[in-house]
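Engineer: Those sequence lines, one after another, are chains L and F.
Read in full-length UniProt numbering, the first sequence has 86 at position 86, and its numbers run on one by one without any break.
Read in full-length UniProt numbering, the second sequence has 233 at position 233, and its numbers run on one by one without any break.
Some clues are possibly wrong.
To be verified - A few chain F residues facing chain L, derived, Cβ under 7 Å:
1. Phe-3
2. Leu-5
3. Met-11
4. Met-15
5. Glu-40
6. Tyr-48
7. Gly-49
8. Met-50
9. Met-53
10. Pro-56
11. Ala-64
12. Asp-259
It should be emphasised that the hints constitute simulated quantities derived from the structure, not laboratory data.
For every residue, glycine included, the Cβ atom is placed at its ideal position computed from N, Cα and C.
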Amino acid sequence: MKIIVCVKQVPDTNEVKIDPVKGTLIREGVPSILNPDDKNALEEALALKDKNPEVHVTVVTMGPPQADEMLRECLAMGADEAILLSDRAFAGADTWATSNTLAAAVRKIGHYDIIFAGRQAIDGDTAQVGPQLAERLGIPQVTYVQQFEIQGEDILVQRALEDGYELIKVKAPVLLTAIKELNHPRYMSVGGIYDAFREKEVKVWTLADLDVQKQEVGLDASPTQVKRSFTPEPKGKGIMLKGSTKEMVEQLVGSLKQKHVI
Amino acid sequence: MNFTLSKEQEMVRKMVREFTLREVAGIAAEIDETERFPKENVEKMGRYGMMGMIVPKVYGGAEADEVAYAITVEELSRACGTTGVICSAHTSLACWPILKYGTEEQKQKFLIPLAKGEKIGAFGLTEPNAGTDAAGQQTTAVAEGEEWVLNGTKIFITNGGEADTYVIFAMTDKSKGVKGISAFIVEKGTPGFSIGKKEKKMGIRGSATTELIFENCRIPKENLLGQAGKGFGIAMGTLDGGRIGIAAQALGIAQGALDETIKYIQQREQFGRPIGKFQALQFEIADMETRVNAARWLVYNAAWRKSKGLSYGKEAAMAKLFASETAMYVTTKAVQLHGGYGYTQDYPVERMMRDAKITEIYEGTSEVQRMVISAATIK
């Protein structure tokens, strides 16, 4: 079985601040990490490999050369192979252009059974790249996967909803996006770290390596433009009403009238 | 001259730090309070390669280098001195001598499970009457047919009772004195080998420190480690490396106490401002930080020399001496800067101060380190 895991290097948002004037993220001095949901995606692939050593796990990312470090971390956790899609032409990509580039890479990899991706990256929070990639490849997708199981030819997944879950049966090839409830990611291992540098390599693919045109990737192919980044104002504390139904309705109506809502 | 760590070493630090924050820090106070050996974490450390750092892959190890090993003990000890010494004693005092002096059969049988963390190792040299004067071994080993018969008592053995594989020193020929000492590998469960009193200690209370009792304990001939009569050299060679591990533990304890203190003085307010705004305290931090950094480079230098095959006995002794004294200095200051709160168990610095003290004593007291350093310096 061949598994592809899509990962992204993101700034650790626990450490990130927003420039109050420009409204953009201040990235200087902020450590970069493997996107948390992507770690869950990788863990699920590695758990399959634990059960069956013939499972082959390839991690793919699009990013600057510095993303090499994150890919080595994925190798140190146990992935077999890492591919870095890196080219000046890919820079400035929105989700549309990113998924196009990733799709070209997946087609170049060729055969695969499952693509795991994180639900969303903590820097953009769009949750679009996974689903777009599935659409471009013409394969089924299940997002928000909180439980995963292989039953013979079928893949059985629980898709988390706000108030429950859907139980979905799919067949490979399929793209699944992971949420943190799916599993507890392992740490890198010491031996894995040394192997990641000693025995494994990070392949770098540029635009020239992919069957995609320059105008289909990067900033030029990105219809989205970020106008402003900001932290939404936190909502005020809610009020819990007490008493009988009648009393609570009276309090509610009174309060709404007072605020001129009704 | 290059003071930068390799990418592998940096990544090991990142990984052990993450492991320590998530798995170790949260139970450090509890295992201290209840004197509980943190089995669950030792098992995980084995799974992630932290119990076989310096052992080659062919023997089940991670085949990392000595600096990465020192970093691992340092990072574990930053939150928990107990966890640091479990790793250090296992690695430096059990894995290393078997790797260095063991036969291929001994490595296959004993080293592989130790390096994989499936088994825990310990080292038995100290006796009631053979502490700093380690040559005064009273434990005896007598050859009888295809076996060695051991009799005697070891004390203060780190990982005692929890360990499965013990490197034990005994007198095989009293007439030869120091040259009559030999090293053996003894397995837990061997008839005649029992665990005696468990010490109640001031610090590193989650670490098991026990007596080992040998009463007509028969072990196979092939469990002799190295040549008969070469045991004292094996013990001293092992301790040279062990000191790097303890120095790294001391360094970690010092760094942990410094981290806690920096956090505290920025939060604690007196006279209308955080106490960290007072220059007297800022200068204390400067002195603590300077000593911690000096200790770190002594430790990494000794570890680096060991991994490069250079002599390291004197450097390891200097690292251990300075790092352990730094740990005492920094943790004592840390308690002082925390004021009354620092004296209570509501903050971790009192535990760190208790843990720090042992680093000036075990694997050679500070006095022994000064003997080693002066002997290597005054020629």
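Engineer: So, Met-53(F) near chain L? Judge it on the closest CB pair being under 7 Å.
Structural biologist: At 6 Å from the nearest chain L Cβ, Met-53(F) passes the 7 Å test, so the hint holds.
Engineer: Please check whether Gly-49(F) passes as an interface residue: C-beta within 7 Å of a C-beta belonging to chain L.
Structural biologist: Where the cut-off is 7 Å and the nearest Cβ of chain L is about 3 Å from Gly-49(F), the hint holds.
Engineer: Do the numbers back the hint for Leu-5(F), that is, is its least Cβ distance to chain L under 7 Å?
Structural biologist: 12 Å, violated
Engineer: Using 7 Å as the Cβ threshold, decide whether Ala-64(F) counts as touching chain L.
Structural biologist: 5 Å, holds
Engineer: Is the shortest C-beta separation between Met-50(F) and chain L less than 7 Å?
Structural biologist: Since the shortest Cβ distance to chain L is 6 Å, the answer is holds.
Engineer: Checking hints one by one. Is Tyr-48(F) an interface residue toward chain L, by the C-beta closer than 7 Å rule?
Structural biologist: 5 Å, holds
Engineer: Let's test the interface hint: is any C-beta of chain L closer than 7 Å to that of Glu-40(F)?
Structural biologist: Because about 14 Å separates Glu-40(F) from the closest Cβ in chain L, which is outside the 7 Å limit, the hint is violated.
Engineer: Per the CB criterion, is Phe-3(F) less than 7 Å away from chain L?
Structural biologist: Constraint on Phe-3(F) not satisfied, violated at 20 Å.
Engineer: Taking 7 Å as the limit, does the beta-carbon of Asp-259(F) come near enough to a beta-carbon in chain L?
Structural biologist: 17 Å, violated
Engineer: Holds or violated: is there a CB of chain L closer than 7 Å to the CB of Met-11(F)?
Structural biologist: Holds - the Cβ of Met-11(F) comes within 7 Å of chain L, reaching about 5 Å at its closest.
Engineer: Would the hint on Pro-56(F) be counted as holding, given a Cβ-Cβ threshold of 7 Å to chain L?
Structural biologist: 11 Å, violated
Engineer: Holds or violated: is there a CB of chain L closer than 7 Å to the CB of Met-15(F)?
Structural biologist: This hint holds: Met-15(F) lies near chain L, its Cβ roughly 4 Å from the closest one there, short of 7 Å.
When each numbered hint is compared with the structure, violations occur for hints 1, 2, 5, 10, 12.
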